[in-house]
Each structure stands twice: as structure tokens, then as C-alpha cells.
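Undergrad: Chains as they are written, first to last, in this note's numbering: chain A, 1078 to 1383; chain B, 1078 to 1383; chain C, 1078 to 1383; chain D, 1078 to 1383.
Heads up, none of these hints are tricks.
Identical copies carry no separate label here, and so any pair may be met within one copy or between two of them.
The calculated DSS-like cross-link candidates involving lysine-lysine, where the alpha carbons are at most 30 Å apart (straight line), are:
id	residue 1	residue 2
1	1082	1311
2	1328	1368
3	1259	1368
4	1259	1328
5	1318	1082
6	1082	1259
7	1328	1318
8	1360	1221
9	1221	1138
10	1368	1318
11	1221	1082
These are computed hints drawn from the structure, not numbers from a lab.
The model shown is predicted, which means the values in this text are computed figures rather than measured ones.
Number of protein chains: 4
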Amino acid sequence: MNSLKIQGIVPPMITPLADMNTLDVAGLERLIEHILAGGVHGLFILGTTGEAQSISYDLRKELIERTCSQVAGRVPVLVGITDTSLTESVNLAEKAFHCGAAAVVSAPPYYYAPAQQELIDFYHGLAEVLPLPMFLYNMPSHVKVMIEPATVRAIAEHPNVIGLKDSSANLVYFHSLIQIMKDRPDFSLLMGPEELTGESVLFGGQGGVNGGANMFPQLYVDMYNAAVDKNITKLNELQEKIMFISNSIYKVGRYGSSYLKGVKCACSLMGICSDYMALPFQKFNEPERAKVRQVLEQLNIEVVNP
Amino acid sequence: MNSLKIQGIVPPMITPLADMNTLDVAGLERLIEHILAGGVHGLFILGTTGEAQSISYDLRKELIERTCSQVAGRVPVLVGITDTSLTESVNLAEKAFHCGAAAVVSAPPYYYAPAQQELIDFYHGLAEVLPLPMFLYNMPSHVKVMIEPATVRAIAEHPNVIGLKDSSANLVYFHSLIQIMKDRPDFSLLMGPEELTGESVLFGGQGGVNGGANMFPQLYVDMYNAAVDKNITKLNELQEKIMFISNSIYKVGRYGSSYLKGVKCACSLMGICSDYMALPFQKFNEPERAKVRQVLEQLNIEVVNP
Amino acid sequence: MNSLKIQGIVPPMITPLADMNTLDVAGLERLIEHILAGGVHGLFILGTTGEAQSISYDLRKELIERTCSQVAGRVPVLVGITDTSLTESVNLAEKAFHCGAAAVVSAPPYYYAPAQQELIDFYHGLAEVLPLPMFLYNMPSHVKVMIEPATVRAIAEHPNVIGLKDSSANLVYFHSLIQIMKDRPDFSLLMGPEELTGESVLFGGQGGVNGGANMFPQLYVDMYNAAVDKNITKLNELQEKIMFISNSIYKVGRYGSSYLKGVKCACSLMGICSDYMALPFQKFNEPERAKVRQVLEQLNIEVVNP
Amino acid sequence: MNSLKIQGIVPPMITPLADMNTLDVAGLERLIEHILAGGVHGLFILGTTGEAQSISYDLRKELIERTCSQVAGRVPVLVGITDTSLTESVNLAEKAFHCGAAAVVSAPPYYYAPAQQELIDFYHGLAEVLPLPMFLYNMPSHVKVMIEPATVRAIAEHPNVIGLKDSSANLVYFHSLIQIMKDRPDFSLLMGPEELTGESVLFGGQGGVNGGANMFPQLYVDMYNAAVDKNITKLNELQEKIMFISNSIYKVGRYGSSYLKGVKCACSLMGICSDYMALPFQKFNEPERAKVRQVLEQLNIEVVNP
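All chains should be built: construct the whole structure from the sequences, respecting the hints.
TA: In C-alpha cells:
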């Protein structure tokens, strides 16, 4: 049994960049304050939305330091340490520990596609040497394998493993996790896709790691609260707004990276931070930017930086 | 037009490990000599077969240093710099350059699945700052995208891009590459899978990056020469042996990692180097090892270290 | 606007077989009565669960006739006409019409993987000549393509298209359908997977096409009613039972066909009908049958035919 | 051991259609004569290229009758009987037998994705009742499963199974088939993709089922003969032309159906037969047709019907 229990809305923060190897420091500060002002329950940096894999280790470490320092304990900070090399994951975790992060988050090593037994070996090896408790991160579209429910159960035998973030968008899987972990109330099950967070909480999930909360943190906190309160009418109202964002801002571009570019573009339009992206991605050009602006206007969001 | 033209058999070297963070230095020396004694035309380190993604950057750098130093110019050394972060790829390339490597090899950033235009942006950005010429590395099973023929053509406009290693096992694609690059005789097309190298050379490919050459370098050199000589009878004889290895040693284990474990296990049985593997993989246990031993005996290979 | 509105639980009926080309007629009668006794709102024959694709056209036509005749208007009967040939789909629909079925159901032609525009062409061509209203059937795991939300919208312009059954298990998709069709209250959105039906109804779906309702029709009707009543506590109680069935009976076998074999085996154990399966499938052997029996006993279901 | 040995070029014939349910009878006659005039070694009707799955059973039977009657024993006729229902496959085979076809061809049942053991059960069940010898048809892109080499070996124990057509484009697989069947010289291994037929014959394959032979039968016969003669220089010359066709005519359209539409369009331009396609496909519009015309002109093919 672990004492840290993460629940609620834990936004996966975008990483404000000035250029490939430089943080947008002022943007980062504004972004953190913007998100915390929405009443979120935690902050997750260096995930998929944070472009962690695209930026250098030095920059990742600087981000950990600056974020932890500015959050200053107001909410728990979770740090993505996903790497193909166990050793490099541990290096990042050490940094997170020294900066005061609450936990780390690790998707499976994502170059080879490991078998389920290999996942158990890897995670037990990792958990054993980590200085912080760990969340698993199920992300099959990017790492090519699911962490199957029985595998989660086996990995969770290690006391350092305290939860799982599921970004598979597969709710049959999520329901199976709820069942297989129901005798482990200390184990947090968080939903990645914001489109599915409401129902996941209704059925026993602990919260959401929702990218839209970079832009509109309170919307997702309200949705979480409506779900906790079993207020289905309210939940449907908010769900409609959440789906509108999902089907507009995230669909402006043509590629798989459209979601990420949409969130960064909106944050730039709102005057929060730079929309610079690390390669292989590039920020939206003017035509896409104009479309995102239009959506924000439909949502009555002030566009500070057109 | 570049002056470096890589052709022939360029084995993707396994990385001999004593443990997670330590090279098997004596094994590495024996392995390099074993491979070079087979008459190969180059050496490729830190590829998929080299478990590059599983080991730390410090260890990768040590491997670059030791390998270049021992090869000492006898054949060109190619260094894998595949990374999800352009900056970290460049860091590895700088090391390779200072150690005297001939070229670097880069598969697409493998966490997100980039679109074709994003691949062009990424590789042009990378080629621009690299201190060494670069091979593209097409590896869709691991990185989730093909580098389409038209994309290869676009990337190859940059003078630093001198060839491509194709591990897709898709020969329709390879034939298309041959056609689309036929006015670029300086551009090398190398075949990854050893099962397909013979025919790729018959139809205009420049050679093979064949994992089996860790164990039996001369076999693949002979196959390459038979293909260059258009000696189909000889080629079929060698192909039968190559297929036997592929269908035995590489199929002993149950998982996708079976090929890698098989090669390392055989090298260990032959007394060349350790079969330790970095997580998420683990070396074969005794029952699988016994099966590999049996195959080696069928091949009349002396088992020094049963 | 169409006048037929399908909502509630519409079980996808298994097809009781005596052998490859013969219905288990007595079993079919018992099965229909067993299902209707559970209070279901419709009956869907010749879907994936009905092994439609595995049995001959003559047998499919006999099944349509017998089922319509026995149901005798107590609930609407939906008939699967999914085929790769538009002409054969129409042939089946003619039969359904003459027997008094209420509607037909059609998944995309499943040999080639059609593009979205090709789906629109196909379905408009089909809807134009059908004698009955049609449900679309989204089944990407079997037909290799999703019917994208914008495609559904375009197809639904035809007045003969009255709903969609979604078996993708992708709730982000389902939420998008709800949004894109919200000005079409006459259009029914039904959920295939029983594990996801409760939440789909909470968020605006009209019901479920749940395979488990062959065995336990009332369970799914109760779940549907709890969702309609927004009774989350009750829904979670029933969900736990539904997940138990999903993770036990459907997981007894090793292959993808395990769900289908599990349902047929349970119906056989309960004394309802034969568990004979058409090739390429075969019914469970004794060891798997014993496991299904055990699950039924855990559920306090009487095993009539051990 | 069977006495029928199919080898050489066996074109998968397109099906000339006047409309959805009517053959283009005059076109069919011209097409058959055009193909046979190229010196091919057999004719395969009702395959993927023949749109078999898109047309009605009545039309398929008419096509069998007319084709066998016109070929009149000049070359062996192979008939596709691929179906999801064993019974319907047998019905088609009976027709083929009565019309004088030489053999039938069957891809796995393609709605469910059967497991390897289920494939063995299905094919043994089918072979047992077929009136004609059977070719297996490996077509994973359309049927979702590979017929694994060990499965082919097991199925081929039945004396009615005389060969396999491989359309996987996976030559590692094809090389494995050659090895696993090398003690069965009576078993024919035919290559689907024309881009890979040359090399497959060099390494022990028996010929090609090449769609391009609808347009240019002699080109593929020449390629086959060059491969049989081990004339690599000639083979490379022809390969260049084959790749040009593959990268032009087959890539004119945007969808997966582009190959099929390209072949039909070219045959129409050459004055051979109608380019009407059964839904879900539609023939090329004028802009695409103009592109195909341009390619034919580059190939110095007379365009009779612009």
C-alpha cells in the first residue's frame, strides 16, 4: 500500500519552446499558472503531449527543475521518464526526485515491441531502482503493445507501482483494469483521452490526464466533478463542449500530429506561450492558425495574440 | 555526388555486454576480429541488432570509441544515431565523427509516427548539421512508418544523404527505390534481411546489412559475391543455408526478440562474446540454448562454450 | 424522417446448427423464446455472432423465414445482409422483406478495404434498391475500415438509412457520432460491445446489440434500464457482472473466435440449443466446456446439459 | 502426388462488365484471345483482380461457363472459389468442374480472421469434398491472416492441395515456403505481385499470377522465360518496364483500388473490353483516364478507344 494517491485532473503539459534547444521560460511560467488556476489536481510533464521524446535530455532536466520549482508543492508533479533505455529512465527519475516531483510515469520501451513477459521484467527491473513511485502508461498507438490487464496486475505487485494512465482509448480494456484491480483501492487508474474521462470516472476511474486542460483547465475539472457527483445531465452538457474541441481544434491539421499542434497553437493565440515545436513536427502555418482562432472565437475565448 | 560509396556486406554488429551498463570488452574485440576475418566490407554498430535503443548514451559512446579504434580503418564503420530527439542524434554523430567513423545511419524518430512531409523536414534538418554523411534506415516494423520512395528521393537531394538501408522486407518497395534512384549511382541501397540480399543485389542493390554475419560473416560475403557474379546456381546453394539459419536459430524463442537472442546465444556458444542482453530482453535460458547448440552442430560449427 | 425507431437491447442471435447445412430447429425455437422472455426490444439475426458469413445462402434464408415466423411481430426483427456483393445483399433483403422483418443491417463489403468515398457510393447504391430501412454496421476489426463520422453523415442523407450499430469498441468515435447526428433524433445509434453499452446510453446512445443477451437477456435489459434511469450505482453493480462474463466465458479459448464459441457453449450447457459451429470454427472441446460450466455455476445458472 | 502441374504465367483475369449484373460478353471474348495470344500458361478467373467478391453468384457461374468454353482446353483454367462459406465455395467448384476447369483457388474465409489451426480444419474440410484439385491463396492484406509455412505444409498433406499462390509480397515468407516444400516437387508455388515474380522463379518458384498480363501478356511471359533461363541482364531490362507500369498505371488513383481501376482502364483504352466496375468501386473518371492514356503512349501502346 502506498500513501500517495493521485486523482482528479492531471494535465499533460505541453512544453513551451523558444527553439529546438531552448525553453520559452516566460511562457512556461504563464502556462503553469494558467493551468493551476483552473483547479487541477496535479501536473504531468514530459509525456506525449509534452514532446518529451523530441527534446534533448538537458532540456528535459531543465524543464523538470523549472516546473517543480514553480509549482512549489501546490499540486503533485508527475514526470515522464519513458525511454527505451532503462538507465536513461533512471537518470531522469533521479532528477525528478531531487527536484521534488511526486511520481514518475513510464510507457513501455518503444523501439522494439516487447512481449508481455518482457514488460513485466522491464518494469520490475525499473521499479526496483527508482527513487520515486511510478505510474504505468499504456500507449499502444505509440509503443506498439498494450500492457495487458494480467500484466498490469503482475507489475503492480511491486510496491513502487502506484497507478496507470491509459491512453489506448479502449474502454473494454479500461473496464477490465477496474475489475482486475478492484482489491487495490490504492492503485490509481487515470484516463488519457478527455473524450472518455467522464465515463471512466462514473465506472470507477480516478481521473483524467487530459491535453485540453492546457487550454481550458477548468472545463475538465468541472467534468471530473460532475462525474464524481454522478450528475449525468451536467456531464452531457460538458461532454458536448469537450467533443466540440476534440472535433475542431484537434482536427485542423492533416497529420497524426494535428492534436499536438492544435493545442500549442491555441495556447499561443491565447497569449500563454510559444507554439514552436521540436522536429519532426512544425507549428501550424497561417491558414491552420486562422482556423484555430475561429474555433476559439466560437468558444468566446479571448484571442490575445492573433 | 559524394565520394564515399558503401557496398558489400556490412554486418549490423551485436553489442557484447557484461551487464546492463558495462561492455564485454574482450568479447567485443574477439567479435570485431571474427567479423572482419570473414572479409566483410564495412561494420555497422548501434543498429537494431546492436540493441542501441536499450543501452545508455555513455555506453553507446564507449562502443563507438572502442570499435573505431580497433577497426582502425580496415573497413568503414557506420554508426547508428537513430533517436527521437534530433539533438541527441547529433550528439552521437559528433562522437562518431571524432572517433573516425565513415558515416551515420538514422531511422525515423520512432515515438510519434511522422507523416512523410515531417520525415523530409526532420532529415533535412538533421543532414544540415551532421558532421558525417548519413544513411537513411527504413524500419517500418519498429518506427511505424515507411520512408516512401518519393520521400527518399526528396531527402536525398541533400548532399549529406548517401544511401539507405531497407529493413522493411518489402521488395516491391526496394524495386521502386532502385527505379527512383537510378540516376544517382552514388546512392547506396542496402538490404537489411539476409534472406533477401541475394536477389536485391541481382536487381541493382549494393549489398546487405545482415545480422547473421555476426556468426558467419563469410557465408554472407560469399552470397554477395555469387550475386555480383550472377551465379544463380551458387546463390541458390547459399540461400538454402541462409534460410536454414533463418528458420532455426532465429525461431527458437517465442517472442519478436527471438532473432536477436538467437544471434547472441550462438555467438556465446561459439566462444566469441557474452550473450547478456539489456532489458527489456533477457538471454535465452538453457532449453533454448540447447536448441541453438543443436543447430550449430548441424552446421558443423564448433561449440566452444556449451 | 423515418417512423421506425429501434432502441433498447437487440440481441445479435447465434445461429443454432445441427450440422453445416442444417438448422437446429427445435433449438432455434427455444432460443428465440428464451431471449424474448428476457424483455428485449428487438432481435438481430445473421450478424457476426450469427455466423452469417459461414453458412450458405439457403440456410440464411431458412433462418430468416423461421425466425420472423416465430417472433410473429412481438419485437422488430433486424436481418444482417452484409455481403461483398451488392446484388447478394439485395437478394437477402428481399427475403427479409417478404418474411416481415423490420429492417436490415449491413457492414461494409469486407474483402477489399473500400475508401470512404467508395463506402458512400456503395451504401447509397444499396439503400436506393432496398425494400426495407437499413442500419449501417461499423465493424473495423472484420472489414478493415471504419465508417468515419463524416461518411455516416453523408450516407444518412438517404432516407432509407435509419441507424448504425457500432462494434468498433472505440468510444471516441461513438461520441463523435452522437455529436454529428444530434439533429437527427430519428437516427438510432446502437452499441455492439456489451461492456460499453451502459455508458453509451448515458451519453445519448439508443441501446445495445449485445451477444451476452443470447444467454442472459434480462441482465442486459436491466443494464439498459439502469442507464436510461441514470442510476449509476445500479449500473456499476450490473457492469461488474457483465465484465465477469466478458472476462470468463469469452476468454476460455485461445483464438479470436473464443467469444463466439463461449456463447454457443453456454447456450448448449443451459439446454437451449446445439453448440455446433460452421467451419472455419469448431465448438469447444471437453476441457473448455468444463471451464464454461464452472463459470455458469459461479453465476448460479442451472446447467441442464453438462 | 498429383499429375497436374501448373507453372509459368497464369494471369488473374479482370471481369469485363457491361453493368452490375451483366457481363461484357464481346469484351470477354476479346480479352481471353488477347491474353492467350501472349503465350501464357494458364488463366485464373474470379480472383481479387476479377472482382469475384463484388459480383453475384449467377454472374460468377456465367463467367466460369463462358471462359471455359472459349478457352476450350488451350490452357488450364483456374477458378477462384474463395468464400466465407465452405458450402458456397463447393457450389462454385462444382460449376467449375462441370465446365472443365483444371483447378480451383481458395483464399482463407475472409470475414473472421481464423487462427492457423482453424485454417487447417477449414481447408481439410474443403479439400475433402472438392471435385477438383485446389490451390491455396495467401492474401493477408485482404483476409487479415497469413497461411503460415507450417500451416501450408499441414494442409498440403491432403492430395487435393496442389499449390499456392502468394500475394503477400513478403519474400522471406516465400523463401520459407520454398524450403518447407522442397521435397514436394509436384507442389506449385506461384507469385502474385508481378514486381517479384522474376526473383521468385530464380529461387525456385514456378511462375506468376500477374495482373499486368491482362494488358501486356507477352511482357510477363518474357520475364518468366528470362528467369527460367537465368538471364539476369534480360531480366533487369524487363523488370524496369514492369516497375514502370507498377509505378504509373497502378498509382493513378488515390485509393487502394487504384491498381484494379488502372488495369481495367488500360484495357478499355486498348479497345479490349469495358472498364465498368462493380460497387464498391467505380471506374476512373476522365482526368485519371487521361493519365493512363499518357502512360500507354509512353509505352508505345496503341490507344484504340480514347
